[in-house]
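S.K.: Next come the chains, spelled out residue by residue.
Protein chains: 2
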Amino acid sequence: MTEGKAPLPTEETHDLIASDKVEGTSVFNRAGEKLGTIHNFMVEKRSGQVEYAVLQFGGVLGMGSDYYPLPWETLTYDVDQGGYVVDLDKEMIKNAPHYSEDEPRFDRDYRERVYGAYGLAYPT
Amino acid sequence: MTEGKAPLPTEETHDLIASDKVEGTSVFNRAGEKLGTIHNFMVEKRSGQVEYAVLQFGGVLGMGSDYYPLPWETLTYDVDQGGYVVDLDKEMIKNAPHYSEDEPRFDRDYRERVYGAYGLAYPT
Numbered sequence: 005m006t007e008g009k010a011p012l013p014t015e016e017t018h019d020l021i022a023s024d025k026v027e028g029t030s031v032f033n034r035a036g037e038k039l040g041t042i043h044n045f046m047v048e049k050r051s052g053q054v055e056y057a058v059l060q061f062g063g064v065l066g067m068g069s070d071y072y073p074l075p076w077e078t079l080t081y082d083v084d085q086g087g088y089v090v091d092l093d094k095e096m097i098k099n100a101p102h103y104s105e106d107e108p109r110f111d112r113d114y115r116e117r118v119y120g121a122y123g124l125a126y127p128t
Numbered sequence: 005m006t007e008g009k010a011p012l013p014t015e016e017t018h019d020l021i022a023s024d025k026v027e028g029t030s031v032f033n034r035a036g037e038k039l040g041t042i043h044n045f046m047v048e049k050r051s052g053q054v055e056y057a058v059l060q061f062g063g064v065l066g067m068g069s070d071y072y073p074l075p076w077e078t079l080t081y082d083v084d085q086g087g088y089v090v091d092l093d094k095e096m097i098k099n100a101p102h103y104s105e106d107e108p109r110f111d112r113d114y115r116e117r118v119y120g121a122y123g124l125a126y127p128t
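Order-wise, the sequence lines are chains A and B. Heads up: the first sequence runs through residues 5 to 128, numbered per the working numbering. Heads up: the second sequence runs through residues 5 to 128, numbered per the working numbering.
For reference, chain A alone in the conformation it holds in the complex (with noise of 0.2 Å):
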């Protein structure tokens, strides 16, 4: 497992997770279809708490992707498929916010709807 120079074999503990694993990984639903990748996710600055994952999919052949703002809380890694598996069913994401090529200025009226698009209440 620590062959050669591939640095930091783990990334990964019991309860943490290194940001660049969670980059990349594939989300399902409860059904196991693949919706698609996380892109990246959004820290809030002085508290460090992470507010939300980019679910991002699309962007075959240069076409563009789309993303969508999920609540970290609704998502939940699950080792078997060896991504995240989320509750939702595809009409909810696709009603929730989303964008394609300009992100959203993910103001405090647009961070509230995202939650309130999962039915869940925006944190602080």
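One or more of the hints may lead you astray.
Pairs involving identical chains hold if they fit within one copy or between any two copies, as the list cannot separate such chains.
As the list claims (entries may be wrong) - Straight line, CA to CA, 25 Å or less: simulated SDA-like cross-link-like pairs of lysine to any residue: (1) 94 with 16; (2) 49 with 86; (3) 25 with 91; (4) 49 with 124; (5) 25 with 40; (6) 25 with 61; (7) 38 with 49; (8) 49 with 24; (9) 38 with 113; (10) 38 with 24; (11) 49 with 32; (12) 94 with 36.
Source of the hints: derived by calculation from the structure; they are not laboratory data. If you're wondering where the values come from, they're calculated on a predicted model, not measured in any experiment.
Starting from the structure of chain A, add chain B where the hints point.
M.R.: Only chain B this time, still in chain A's reference frame:
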């Protein structure tokens, strides 16, 4: 700013920052000396709380790097320098827990030692 298909131009707002923007960011001390760069950062899976960022330095010509976990709260982003500034002297960092090839297990004891080395109480 949104020319071509460059995805997600902003990646940062007043109080949020994207995970992949944190990675690779330079870290300076108060004197403006560059200490290294952020390799990645570790997130507590369930709560989504960032526990520490991993400062990397060295690693030129395949010589291998050293990695220093820094409590998130020690890092302050400085727009002018385009990087994080830490109010820590080199000696303190040198004496704090760090590793090179093999990542430690990041168990409770290790994590408490990281915080303790920087004079901070371990959260939770």
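S.K.: Next, verify each hint and record whether it holds.
M.R.: Here's how the hints hold up against the structure:
Neither within a single protomer nor between protomers do residue 94 and residue 16 lie at most 25 Å apart by alpha-carbon distance, with minima of 29 Å and 28 Å respectively. Proximity of residue 49 and residue 86 under a CA criterion of 25 Å is satisfied inter-copy only: 15 Å between copies versus 29 Å inside one chain copy. Taking CA atoms no more than 25 Å apart as the test, residue 25 paired with residue 91 passes inside one copy only; the shortest distance there is 21 Å, against 28 Å between copies. For the homomeric pair residue 49 and residue 124, the shortest alpha-carbon distances inside one copy (22 Å) and between copies (18 Å) are both at most 25 Å.
Proximity of residue 25 to residue 40 under the C-alpha cut-off of 25 Å is found in both arrangements, the shortest distances being 15 Å within a copy and 21 Å between copies. For a Cα distance limit of 25 Å, the shortest separation of residue 25 from residue 61 qualifies both inside one copy, at 18 Å, and across copies, at 20 Å. In this homomeric assembly, residue 38 and residue 49 come within 25 Å of each other (Cα to Cα) only across copies, at 21 Å, whereas the closest approach inside a single copy is 30 Å. Taking the closest pair of Cα atoms, residue 49 and residue 24 come within 25 Å of each other both inside a single copy (17 Å) and across two copies (13 Å).
Neither within a single protomer nor between protomers do residue 38 and residue 113 lie at most 25 Å apart by alpha-carbon distance, with minima of 29 Å and 38 Å respectively. For a Cα distance limit of 25 Å, the shortest separation of residue 38 from residue 24 qualifies both inside one copy, at 20 Å, and across copies, at 23 Å. Taking the closest pair of Cα atoms, residue 49 and residue 32 come within 25 Å of each other only across two copies (17 Å); inside a single copy the shortest separation is 28 Å, beyond that limit. Only within a single protomer do residue 94 and residue 36 lie at most 25 Å apart by alpha-carbon distance; the minimum there is 12 Å, versus 49 Å between protomers.
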